[in-house]
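Enquirer: Chains as they are written, first to last, in the working numbering: chain L, 2 to 112; chain S, 28 to 147.
Incorrect hints may have been included.
Unchecked claim - Straight-line alpha carbon distances no greater than 25 Å define the calculated BS3-like cross-link-like pairs of lysine-lysine that follow:
1) S:84 - L:46
2) L:43 - S:80
3) S:80 - S:97
4) S:45 - S:98
Unchecked claim - Restraint ranges, calculated between C-beta atoms of paired labels, are given here:
5) L:60 - S:66: 38 to 44 Å
6) S:35 - L:75: 34 to 40 Å
7) L:60 - S:104: 18 to 24 Å
8) L:82 - S:92: 37 to 43 Å
9) S:89 - L:13: 22 to 28 Å
10) L:11 - S:41: 34 to 40 Å
What the hints assert, rightly or not - Sample of chain L residues facing chain S (criterion: CB under 10 Å; computed from the structure):
11) 2
12) 5
13) 7
14) 9
15) 12
16) 15
17) 42
18) 44
19) 45
20) 47
21) 50
22) 67
23) 71
24) 100
25) 104
26) 105
These aren't lab readings, by the way, just hints derived from the structure by calculation. All figures in this text were calculated on a predicted structure; none of them were measured in a lab. Glycine included, C-beta positions come from ideal geometry on N, C-alpha and C.
If you want the building blocks of each chain, they are given just below.
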Amino acid sequence: RKEVEQDPGPFNVPEGATVAFNCTYSNSASQSFFWYRQDCRKEPKLLMSVYSSGNEDGRFTAQLNRASQYISLLIRDSKLSDSATYLCVVNMNTGFQKLVFGTGTRLLVSP
Amino acid sequence: DVKVTQSSRYLVKRTGEKVFLECVQDMDHENMFWYRQDPGLGLRLIYFSYDVKMKEKGDIPEGYSVSREKKERFSLILESASTNQTSMYLCASSLPPVLAGGPNKYNEQFFGPGTRLTVL
Chain L
2 RKEVEQDPGP
12 FNVPEGATVA
22 FNCTYSNSAS
32 QSFFWYRQDC
42 RKEPKLLMSV
52 YSSGNEDGRF
62 TAQLNRASQY
72 ISLLIRDSKL
82 SDSATYLCVV
92 NMNTGFQKLV
102 FGTGTRLLVS
112 P
Chain S
28 DVKVTQSSRY
38 LVKRTGEKVF
48 LECVQDMDHE
58 NMFWYRQDPG
68 LGLRLIYFSY
78 DVKMKEKGDI
88 PEGYSVSREK
98 KERFSLILES
108 ASTNQTSMYL
118 CASSLPPVLA
128 GGPNKYNEQF
138 FGPGTRLTVL
């Protein structure tokens, strides 16, 4: 089983739609979780951190379910500019800041 | 703004060549990382460093070495490039967890723009 798993997509949604991505992780001791955004041919950039049960930032909501070992990212009122790949990232709690990256979920928002 | 720069955006080398990829960050970060990113495999950690002259192997260190002589600079070295090292290489930096406000509050990793290396 992969340490961090995501549906690669692509998710094709119209502008204004609500879309959600899930990510599962294998290490139950993991404590810190992140969503990074990566635009085509660009570097990843932090979108949100998830430290407890969840986090909300404007149209974006990240939730953590420790019992089932998954985190989700919900995007409301999708914009064209939200088109990107969203990387689920988990800190494996190994005593150092080692992050494990999922392969990403691609989102395409169309007019 | 944190800035992480990498010496080249695109690089083409031949099999057997020695290749140097340079990364410089301007925010006085202790931690620096080298990843490679391949389709379907995501980002994989090659090496990291948490201080000058310190280095630790990541998940895929074979065929690579690193150098950190100065805090702001972290170099990735391919001793003898091979075709399976064709990839996107990303450098990142961050503050250590102790400065982030708690053991579980790991700081954001800031990435450079990447170097797309092709080995022929």
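Enquirer: Give a verdict on every hint.
Expert: Hints, verified against the model:
{"no.": "1", "hint": "S:84 - L:46", "in the structure": "holds (24 Å)"}
{"no.": "2", "hint": "L:43 - S:80", "in the structure": "violated (29 Å)"}
{"no.": "3", "hint": "S:80 - S:97", "in the structure": "holds (8 Å)"}
{"no.": "4", "hint": "S:45 - S:98", "in the structure": "holds (23 Å)"}
{"no.": "5", "hint": "L:60 - S:66: 38 to 44 Å", "in the structure": "violated (29 Å)"}
{"no.": "6", "hint": "S:35 - L:75: 34 to 40 Å", "in the structure": "holds (38 Å)"}
{"no.": "7", "hint": "L:60 - S:104: 18 to 24 Å", "in the structure": "violated (43 Å)"}
{"no.": "8", "hint": "L:82 - S:92: 37 to 43 Å", "in the structure": "holds (40 Å)"}
{"no.": "9", "hint": "S:89 - L:13: 22 to 28 Å", "in the structure": "violated (39 Å)"}
{"no.": "10", "hint": "L:11 - S:41: 34 to 40 Å", "in the structure": "holds (36 Å)"}
{"no.": "11", "hint": "2", "in the structure": "violated (15 Å)"}
{"no.": "12", "hint": "5", "in the structure": "holds (8 Å)"}
{"no.": "13", "hint": "7", "in the structure": "holds (9 Å)"}
{"no.": "14", "hint": "9", "in the structure": "holds (8 Å)"}
{"no.": "15", "hint": "12", "in the structure": "violated (17 Å)"}
{"no.": "16", "hint": "15", "in the structure": "violated (27 Å)"}
{"no.": "17", "hint": "42", "in the structure": "holds (8 Å)"}
{"no.": "18", "hint": "44", "in the structure": "holds (4 Å)"}
{"no.": "19", "hint": "45", "in the structure": "holds (5 Å)"}
{"no.": "20", "hint": "47", "in the structure": "holds (4 Å)"}
{"no.": "21", "hint": "50", "in the structure": "holds (8 Å)"}
{"no.": "22", "hint": "67", "in the structure": "violated (13 Å)"}
{"no.": "23", "hint": "71", "in the structure": "violated (17 Å)"}
{"no.": "24", "hint": "100", "in the structure": "holds (7 Å)"}
{"no.": "25", "hint": "104", "in the structure": "holds (4 Å)"}
{"no.": "26", "hint": "105", "in the structure": "holds (7 Å)"}
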